[in-house]
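Note that the protein sequences, when read in sequence, are chains A, B and C. Oh and the first sequence: position 440 is 440 in this note's numbering, straight run, nothing missing. Oh and the second sequence: position 34 is 585 in this note's numbering, straight run, nothing missing. Oh and the third sequence: position 58 is 719 in this note's numbering, straight run, nothing missing.
The set of hints was computed from the structure by calculation and includes no laboratory data. A couple of the hints might just be wrong.
To be verified - Rough simulated footprint, nothing fancy, chain A against chain C, three-plus residues with beta-carbon under 8 angstroms: (1) 703 to 709; (2) 731 to 744; (3) 814 to 824.
To be verified - Examples of chain C residues lying across from chain A (beta carbon under 8 angstroms, computed): (4) S747; (5) E754; (6) N757; (7) R778.
As the list claims (entries may be wrong) - Covered by chain C, according to a simulated footprint, are these stretches of chain A (three or more residues, beta-carbon under 8 angstroms): (8) 94 to 108; (9) 268 to 281.
A quick note: this is a predicted structure, and the numbers were derived from the prediction, not measured. We put the beta carbon where it would ideally sit given N, CA and C, even for glycine.
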Amino acid sequence: MYRYDEFDAQFVKERVSQFRYQVERRLAGELTEDEFKPLRLMNGLYLQLHAYMLRIAVPYGTLNAKQMRMLAHIARKYDKGYGHFTTRTNMQFHWIKLVDVPDILEELASVEMHCIQTSGNCIRNVTADHFAGATDEEIEDPRPLCEIIRQWSSLHPEFVFLARKFKIAVGATPHDRAALLWHDMPVEIVKNEAGEVGYRVYAGGGMGRTPYIALLMKDFVKREDILAYLEAVLRVYNQDSRRDNIHKQRIKILVNTIGQEEMQRRIEREFEEIKASGSLQLPQEELDRIKAYFAPPKFETLDDEMPIGSYDFENWKKTNIHKHRAPGYAIATISLKAIGQTPGDISHVQMDALADLMDQFGIDEIRVSHEQNLVLPHARKRDLPAIFARLQKLDLATPNSGLITDIIACPGLDYCDLANARSIPIAKDIARRFENLDRQHDIGELKIKISGCINACGHHHAGHIGILGVDKKGVEYYQILLGGSGAEDATVGNIMGPGFSAHDIGPAVERVVDTYVKLRQNGERFLDTYRRVGMEPFKNMAYLEQMYAAH
Amino acid sequence: MAATPALQVLTSNRLRDGAVVYWQAGAWVEYFKDADVFHDKPLADAALAAAMVFVKDRVVVNPYLFAVREEAGQIRAVEQREIIRCAGPSVRRDLGKQAKPSMEAFDVSI
Amino acid sequence: MPLIKDSAFVQDAFVTVADDAALPGGAAIVSLARFQKERDALLARNAPLGIQLKAPENPELLGEDVQRFSVIVLEFPAFRDGRAFSWARMLRERLNFTGEIRGAGHFLYDQIAYMKRVGFDAWNVAEGFPLEQFHRALTEITNVYQPSADGKKTIRELRATPRP
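Next up, chain A with everything else stripped away, as it sits in the complex (with noise of 0.2 angstroms):
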C-alpha cells in the first residue's frame, strides 16, 4: 500500500499544527463557533449528541496492521473503546473532546494517519472496490488513480470552499462494489477498443434528500488527462452551482437542472484551456511510481484447494469467501454484523486481534467496505480454517456477508446530531427476526439500508429495502423504500408509503420478505422480483396488520 515520503509526511505534520491552532483560536475566543465549524468539520470534526464525533480517513478503505493497532489505541485513550466504521470506508469515534483532537492527530500522522476532508463541504474521501487489488475481476487495480486523486484534493486551494460536499469513487470491475454511481463523480476505469486504459467519467450522483444516479460525462479519459478532466468537473461545479439553497447545492442538483448535454459542454470547454495548460498532465513516472506501492504482494505458489472444515466453517465459506486472482489465495469478508451488534462498530480488542491476525498471517493490509464490513484482501486458502477459528473467538466470524443480516446502517440518533431516528436498534432487530442461517440463504442477496435521517449515510436509497428514519412530532417513524441498488445496475429505491412506528417497521419488513419468497420465480432475487411485479404486492402485505387493526 502506499507510503508517506518526506513530503507527504511534513504536509500531514503541518495540517496537525495548523488544526491545533484553530482549535486554540476557538478556545481562546478568536473564532466563533459559525467560523470555527467549517474549518472543524473539514478536518472530521463534529459536534454530536454525546461529545465531539471524530472521523478519520480511511483513504480507499485500505489500512495496515500498525493502522490498525493506532486505532485500537484512540479507541482506548481518548475514546470509549470502540470505533464504528462508516459507509465512505472511514472510521469514526463518538466520544471525543475536542482539547484532545490535536495530541489524537499527531498520533495519527505518527501511522500515516489524517482527517482532512472527511467532513465540510470539499472533496471528501475518495472510495473503491474493497477487492481491488484482490479481484479477478478488475481491468486493474484502482487505487494508484485514487491515491493521486487523494494528494490533488488534499487542501486544494480551489476546491476547498465548494457548495456542497463532492464524493470521488473509482471502479474498476464489471460488477460495481463500490456504489459507484451515487456518487458526486464517478470514475471507472475501462479500455477503448484500442486496448488502452482510460477513464469513463459520470457526474451527478447523489443521495441525500433529492437521490439521482450519476450520468455520463465523458465517455473516455486518457489516463495522462485524468486529473485535468476532474478539476475541469470540480471548477465547473464551483462556478456554476447554487449557493442559495443547501438542498440544492449538490452537483447532482446542477447536472439534473441544467441538463447532461450542458453540463457535458461546460466541462469539456474546462477541459481544453486545463489540458493546452499541460499543468495538470499525468506523467506516466508518476503514475508508475504510485503504483508500484500497490504492487500486490509476491504471491507465493500455492495448491489451490480449498480446505474443508466444520459446519460453522462452511457456511462461512459459503458467503464471506471470493475468488482471489492467485491460485491458493482468497479474499475473505470479516461481517462486523455479528447478530444483535451494532453494524460496523469494532471494539479496540478486536481491533487489536486483527492486526495481531495480520501479522500471524503475513496479511499486510485490511480493507474496509462500504458495506461497513472488513476485508482480508490475500489470505491463503490453507490459513482459512485457522483465521476463521481466530475470528470465531472475537465474534467476527458470522456467516453473513450479502445475505439479509449484512444490514447497512448509519449511526442514527443514538448518537447523530443530524438523525430523526435510531437506526441501529431497527437494524438489531430486524438481524435477530432472520437470524435463522437457513431462512437466510433461502431469502439469497438482499440488501438492507438504514438511514437515520434524510441525509443518506445509511445508502437507504439504494437498499433492495431500505428503511428511512423520519420525525413525526417528536416520534420516531420509519419508510420503507424498495427496489433501490447501489451495484452497477444502480436504481433509486421507490417510498412505499406511509411509515411505521419503530415497533411495526421489523414485521412489516418481514411481511415483505415473506411476500418476495412467495411471488419468486427460477432463483430470483428480491430486487429481480420488485423489479417484475412492481410495488402493489408488497405494500398489500406491509400494510396489511394496519389494515386489521383499522377495522
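Here the structure of chain A is known, so what remains is to put chains B and C in place on it, guided by the hints.
Quick look at chains B and C alone, frame taken from chain A:
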C-alpha cells in the same frame, strides 16, 4: 384533556469536551435530573438569554430550550432526541450519563 | 479598511464608490452594474479604474474590458462562498489579468493561503488585524500538491527534482 403547561429545560454542549450540560440556577450541571424546569416561558427565555454569556465566554455551544413533561412525578423529555441526550445511546446502556449511578450527585457546575 | 499588499500594509489609492455616489477625481472602484451602465464614461476617465465583483459575477462578463482595470475586487459575501477561488484563477490563468486581485468581504485568516495560491495579491482585512498573522497564514503549509495561479512548484515536481 386539560391543557398542560409547557415545561422546558435549558441545555447545551460544553465547548471543551462536547458533554451535554443542563442549566441549573445560573450554572451548568451534567445531569438532567438536576436541571431547572421552567414552567413559564418568560423565565425560560430569560435563562436562555443569560446562557448566551456562557457562549461568549466559550464555556458552552448552542444553548437551547426543549420540551419536557411530568410523568408519574418524574420529569421526562418529550422528544426521543432529548431522551437519548439525557441518558446516552439506547444501544449502549453501559455508556453515557445512564452508565453512572444516579446517586452520584457530585457538583459539576462550571 | 486596512489593505495588505506585497506583505505590508499599504495606503489604498482607490476609493470604492457607491452606485449612486458621484465619482471622485482619482482612482475609483465601481460595481459591475455601474460599469455596465456607464462603461464608456468610466473608461474615458483619466484615472485608474477598479471593479468590484460579487460572488455570482463571473469575470468573463467583462470580456475584453478586463485588461482596462487596475484592480479587480472579488467579494466574499460569506467565507463559506468559495466561488471567488475559481474567479481568481480564471482571471490569472485564462484572462491573463496581471493587475491587482483584491479580496474583500468576509474571509477568514484560514483562507488567506488559499487566496494567495489562486491569484489574490491584495487583502482588505479587518481593523486591527496583525501583519504577523498574515505572514503566519502563508507559512502554515510549506508544500502543495496542486499547480495553481501562484506558479508554486508542486510536491510532484519537487519529488522529480534531484536533491543534494
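Hints, one by one, checked against the model:
1. Counting residues of the stretch 703 to 709 of chain C whose beta carbon lies closer than 8 angstroms to any beta carbon of chain A gives 0, which falls short of the minimum of three for the stated coverage.
2. Check on the stretch 731 to 744 of chain C: 5 of its residues sit with their Cβ under 8 angstroms from a Cβ of chain A, so the three-residue criterion for coverage holds.
3. By the rule of at least three residues with a Cβ nearer than 8 angstroms to a Cβ of chain A, the coverage given for the stretch 814 to 824 of chain C holds, with 5 such residues.
4. Contact between S747 (chain C) and chain A, as hinted, is supported at the beta carbon level, the nearest pair being about 5 angstroms apart and thus within 8 angstroms.
5. Residue-level restraint check for E754 (chain C) holds (minimum Cβ-Cβ distance to chain A is 7 angstroms; threshold 8 angstroms).
6. A hinted interface residue such as N757 (chain C) counts as satisfied when its beta carbon comes closer than 8 angstroms to some beta carbon of chain A; here the least separation is about 12 angstroms, so the hint is violated.
7. The closest approach between the C-beta of R778 (chain C) and any C-beta of chain A is roughly 4 angstroms, which is under the 8 angstroms cut-off, so the hint is satisfied.
8. Counting residues of the stretch 94 to 108 of chain A whose CB falls under 8 angstroms from any CB of chain C gives 0; the rule of at least 3 is not met.
9. Counting residues of the stretch 268 to 281 of chain A whose beta carbon lies closer than 8 angstroms to any beta carbon of chain C gives 4, which meets the minimum of three for the stated coverage.
When each numbered hint is compared with the structure, violations occur for hints 1, 6 and 8.
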